[in-house]
Every structure is written in structure tokens, then in C-alpha cells.
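Protein chains in written order, with our numbering: chain A, 9 to 190; chain B, 346 to 541.
I should point out that these hints are in silico values taken from the structure, not numbers from a laboratory. No experiment lies behind these values; they were computed from the predicted model shown. In this text, a Cβ means the ideal position worked out from N, Cα and C, and glycines have one as well.
Taking lysine to aspartate or glutamate and the DMTMM-like style, the derived pairs with C-alpha atoms no more than 25 angstroms apart in a straight line are: (1) K142(A) - D397(B); (2) K131(A) - D397(B); (3) K468(B) - E422(B); (4) K428(B) - D444(B); (5) K448(B) - D153(A); (6) K116(A) - D427(B).
A short, non-exhaustive set of chain A residues, derived as facing chain B with CB atoms under 8 angstroms: (7) K79; (8) V149; (9) Q157; (10) M179; (11) N181.
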Amino acid sequence: MAIHEPSRRLMHSVRLKFVQKRVRGRGSRLTNANLSLTSMIDFLVVTVVFLLMTFSASGETPIAKNVTLPKAENALDMVDAPMVAITGSQILVDGTPSGNTRAIEDLKRVQRVDELFNLLKGKRDHWKELRPGKEFPGVVVLQIDQDVQAVVVKSVFQTAAFAGYPNVSFMVNALPRNAAHE
Amino acid sequence: MAGVDVGGSGRSGRRSLDSEINMIPMIDLLMVTISFLLITAVWSHMARLNADAQVPGPPRPDVEQEKVEPEKQLHVEMRTPDKFVLIWRQGGTVVSTLDVPRKDDVKQEGPTRVVRYPELAAKIEDEWKAVGQHRDPTDRKLDQVVLHTDNETPYSQLIGVIDAIYQVHRPLAGVGTGNVQKVQSVPAFNVTFAIN
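Generate coordinates for the entire structure from the input sequences, incorporating the hints supplied.
Here's what the structure looks like:
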């Protein structure tokens, strides 16, 4: 095959009809684009695998309205336990109203919340009736807004402890842990 | 059409062992799976910080109490905006006191205010390494921190301090069942509140 001086544009010397047609740009541009099926299936499979690995069957823990939870790094996984939420001045236990914090905020003194105490104690007694002979875990999770004062936190903490829930957990949004402390 | 080779002898006259997968239903299945997983995905991960309310049992006058030497406890006081005070106490006796300058590392992440105290965490770790009583990996008990705050402190700052306390980790042996026991990294302290 003879050697030619390279022309100004590539591919012009190829004497094939479909190449010439494409190179010269005659006619309208093709509206259909080819999609590599292998790459697409690879991508879909990788996405499915990633989503399956990050899938949580337990679902999301419901958060009370108007509650902005603080964030923490060194947190534990959630447990299934009664949820005490403080929204504004209202206290909710698993969504049921059980007292308010106005008296505590006005007096600025740690005190027992009787309505909360009675509801938690009732839940504890009910648990023990259903599971006789089993040790009560005494875990309660507090869902508290970031701006709530410490006097309210301490009052609810103390009330829960008096009602038979000595293991109190504070619900937070988990931050990724600093690699230096792993 | 794409196919899947499931192996075969290649000899003629036999039924082909190659079978074809119909790509359209397969891609449909993958798309539906992706949609389902994306819709049900939980993007915000909830967690908890544990605290322990030391509630003493009712007095038992009929049972003779053994005289046990009280353990050292670390009291963290955050009553002033300029410093933390770390106090090791054994019963009513103050063993040592250390002032830590308070520097609130506050970052706003959307509506959430993230408060961190890296200097406090570092000092607590030093203190635990020097004075902590439950440092052996086989010791299942944890050292106790009692947190003292004034009544106006915002909850986000309390969580910042508790997070700093839980940053100190120690190895704990014998976690697991049967013969397969492994060493796990657990927080060195257990936190409780001083109510007054």
C-alpha cells in the first residue's frame, strides 16, 4: 500500500460509503444514540448492590415535630425503648402527651414531672406483667431539642430515673467518627 | 441479544446449553429495585448517647453493709462560660483539681448547631490515663463521670460535653460468646448528672 501525505482531515481517505457519509456530515445527524448495554447493566448492578448494603430494614425512628436534635460523634446504635420527646413546652411519651415543662422553666428548679412519672411507671408495670420473671431493662430514650435548658433535661432525667428507668439515652444525629479515635 | 454461557460440550446433535436472558425484564427489575431502595433509604442516621442515673436502692437496716472504699469519680463542672473544672473525688475527699479553658467549637450545619470541646476531650483522656481506676482490658467496670451544669445551659452544649467524655475509649476483653471472644473498644467512662 502506498504511503500518502496525510490530508487535512482524518478519515477522508477511507473509501467506505458509511465512513464517507459520516465524515462529510451530509444528511441529518442521527437522532438515535447507541447505549452500551454492558456498561449500563454494570452500573445498575453496582447501584443495586450499594443500596442493598446500605438498606436498613428497621426503618427510621420517628422524630417529633419542631425538635432539632443535636449531633454527636461518639454515639451508640438506637435501641427499642419508650421515647420521651420534649417539643416546645410539651412532653410526649411515644406520642402521648404527658405533662409540660412550663413550671420547671418558671421556677428554674429541678423537679419531678408527675404526669410523666405516672405514665412511665405504668409502662414499666405493664412490661413486667407481660414478661414475668424477666429483668426490666429500664431504658428510656430522650428526644430533646437543642435549645432546651439543662434544668428541663435534668428534671426529665430525674423523673425517668425515679419511674424505674435508670438507663437514660439522649437521641442525637450521628456524625461520622473521627478516624483518629477509631 | 446478550446471553449467558452455562457451559457445554460443544458437540453437535445435543441441545444447546447456552440460555439467553431477556434484557428488557432484567433492566426493568433492576430499575424497580433501585427505585424501591432509593425511596426506602434512610439518609439521616439516628443514634444515642447513654447516661446512667445512679439511683440508690432503699435502705436495708436488716442487712449489714460491707464497708467498701468508695471509688474515685471524675466530676466535670461547666458552671462558668470561661472554664471547665475537672475534679477527682473519692467519697467526700477531693483528690485533684484541674481547670480547663473552655473553648466552644460551634459549627452550624443547617438548623443544627454542632458544639465540640476537643481540648476538654484531650484533658479528660490524660486524666483517665493518669488516675482512672478501670483501665485493665479485663475489667468490665467503667469509671464514672458526674456532670455538673447550671440550669440555663442549652442542651446542645450538654451533648457537646458528653460527646467529649465519650471520646475517651479503652479496650475491653471478653466481649462475645463461647470460645470466640474478642477485644472491643468501648467508652472509658459512664456519664451521670448531678441534679443540684
